[in-house]
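Peer 1: These are the residues of each chain, in order.
There are 2 protein chains.
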Amino acid sequence: MHILITGAAGMIGRKLIEQLIVDRALNRQPIEKLTLMDIVAPTRPAGFSDRVKVRTGDLADPAIAMKAVSERPDVIFHLAGVVSGEAELNLEKGYHVNLDGTRSLLEAIRKTGDGYKPRAIFTSSIAVFGAPFPHTIPDEFHLTPLTSYGAQKVMCEQMLADYTRKGILEGVGIRLPSIVVRPGKPNKAASGFFSGIIREPLNGEEAQLPVADTVMHTHASPRSAVGFLIHAAGLAREKVEPRINLTMPGVCCTVAEQIEALRRVAGDKVAARVRRDPDELIVRIVAGWPHRFEAKRSTALGFVAESTFDEIIRVHIEEDRGGSFVK
Amino acid sequence: MHILITGAAGMIGRKLIEQLIVDRALNRQPIEKLTLMDIVAPTRPAGFSDRVKVRTGDLADPAIAMKAVSERPDVIFHLAGVVSGEAELNLEKGYHVNLDGTRSLLEAIRKTGDGYKPRAIFTSSIAVFGAPFPHTIPDEFHLTPLTSYGAQKVMCEQMLADYTRKGILEGVGIRLPSIVVRPGKPNKAASGFFSGIIREPLNGEEAQLPVADTVMHTHASPRSAVGFLIHAAGLAREKVEPRINLTMPGVCCTVAEQIEALRRVAGDKVAARVRRDPDELIVRIVAGWPHRFEAKRSTALGFVAESTFDEIIRVHIEEDRGGSFVK
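Note that the protein sequences, when read in sequence, are chains R and A.
Going letter by letter, the first sequence gives residues 2 to 328 in my numbering.
Going letter by letter, the second sequence gives residues 2 to 328 in my numbering.
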């Protein structure tokens, strides 16, 4: 089993690699080789390095993409992309990385030909949906994104589904909810505060809450995101095709409920470190985001997320903070 | 008022040009200039030729697209594209013409900048939908096309909506039902027989019906398609944005009902010229097509199609056959 991961230097990429190295297998087949690709050099994981190849480059370049699939990886986790805030600020970069990068990868697979037909798991996003919404968004809801990032994700989903239908690859698109708690520094995603209001207080720091605490959204942990990816890689084709793009399950709650969960898990003093400080731009962006999903199909297909936000906080403390926090 | 029409040599392009020349105005403003563009040279219309510029070239070429918008047309009717059958047979050509052509046009508009912000009407298709369907497809139904053509149309719709949201242009995407009766020779569209079973019998020829007569679909005449385009050009932005892609109204009927309408309009002898001759490929493609639409939004916005299939046949006899047919 040879696995290619694009966007391998990103947060989900790193956590996926860690899990694969623990498992030493995917779809019950031993992992013989990992190809890690990103625009910046991904870290070579410890204890597996004889079977790891690291590639650096812009996937949108057809020659780079051809090279990335030249050793015919059996499974491709295509995570590479720029986040919502960056795609919104830089239109050209967003289309280049998110759309052209994906297209270039799919084209490289097609041009390899000669019976090559990998499983390709693509991380899409609930940003494919745009307001106004019904109370709960059904799996059959239309795609009217209100960000360039969301538009690019829809475009990639469509191409992945079309190339799957044409027998070029076996694609599955997984629409991730907001993944929290992101460890480390904030990134340029407008959703960054959802992690910040948990991560910073647990680290003894103040966190800015730029929206009202009545804002409702759906979340899953990075551990769940990795679980979604691995589960998607093992799905039977006939269960998922031709509607290969799936909305993942998650925990739906308000910001107030997130802060209450933080209080339950870490105490009053930690929860008090969240400071209300509205930001007009973030308020406006978040107002267009979806709240709550049915996710019937993905649940029936066996995808599992946390069931409470408390669990999501505990995953962060365990995975990223070695089990402790600043009281 | 300067109008650019891409795909001007196609059937709808030609009929749109005829109508604009009769009207001599669009959105109550006199037409001063028409730029007609296509991959093959569009016919120069009679009686307006001092104000017509003809351009030939591949819109996917950025230099050609820049030139096409260099004189800053106020309204762009973007009709250029390859049809479903051809996009399915030739994947590269489909993506090149349908996706890259549209992207190149939108990019040319963006790069022109300097306050340039045209109204851009894009002909999408009900092929953005794919089976299985509910009894009637609501405006909020998800986009799961089962053809490359449909996937490309979704991708273009997304980009048009995104560029509209970013203030680069004022886009409206109109999802056309099957346009019948197409005059002239059959094209490569898998839906061609819907026109053929009316057009050929009226011309004294036998027509092949490749599917069961229980097949249900939604239709509008070329005259209605032209009406949709002109109506879309005059829509108030605030009524349509940000969900700029609209499913058009049409006449929903079975093939049997089409043939009955032909009998009512043209008599038994004409209707008897339809010959049952199933074609596996067409049967399979058509099985994935949508049947019936609510089209609530477009109807509320004032888009109007025929109300019976009889009317659709009469439009063809009047517009394309000079009022007569072979009894």
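Mixed in with the good hints there might be a few duds.
Where chains are identical, the list cannot tell them apart; a pair therefore holds if satisfied intra-copy or between any two copies.
Stated by the list, open to error - As a list, the in silico PhoX-like pairs of lysine-lysine whose alpha-carbon atoms are at most 20 Å apart: (1) K94 - K112; (2) K94 - K167; (3) K94 - K297; (4) K186 - K112; (5) K328 - K167; (6) K167 - K54; (7) K240 - K118; (8) K118 - K167.
Just so you know, these hints were derived from the structure itself, not from any lab.
The structure displayed is predicted, hence computed values, not measured ones.
Peer 1: At 20 Å max between alpha carbons, let me know whether K94 reaches K167 within a copy, between copies, both or neither.
Peer 2: This pair counts as between: shortest inter-copy Cα distance 15 Å, intra-copy 29 Å.
Peer 1: When no copy is named, should K94 and K112 be tagged within, between, both, or neither for a Cα gap of at most 20 Å?
Peer 2: Answer is between; shortest inter-copy Cα gap is 15 Å, intra-copy 25 Å.
Peer 1: For K118 and K167, with the copy left unspecified, which applies at a CA distance of at most 20 Å: within, between, both, or neither?
Peer 2: Classified as within: same-chain Cα gap 11 Å, cross-chain 37 Å, threshold 20 Å.
Peer 1: Check K94 against K297 for me: Cα-Cα at most 20 Å, and say if that holds within a copy, between copies, both or neither.
Peer 2: neither (34 Å within a copy, 37 Å between copies)
Peer 1: Is it within, between, both, or neither for K167 and K54, if the alpha carbons may be no more than 20 Å apart?
Peer 2: Neither: 30 Å inside a chain and 40 Å across chains, both beyond 20 Å.
Peer 1: Is the C-alpha distance from K328 to K167 at most 20 Å within one copy, between copies, in both cases, or in neither?
Peer 2: Close neither inside one copy (55 Å) nor across copies (45 Å); limit 20 Å.
Peer 1: Have a look at K186 and K112 and pick one of within, between, both or neither, based on CA distance no larger than 20 Å.
Peer 2: For K186 and K112, the Cα distance exceeds 20 Å both inside one copy (39 Å) and across copies (35 Å).
Peer 1: Up to 20 Å between alpha-carbons, please classify K240 paired with K118: within, between, both or neither.
Peer 2: within (18 Å within a copy, 45 Å between copies)
Violated hints, listed in ascending order, are 3, 4, 5 and 6; each of the other numbered hints is respected by the structure.
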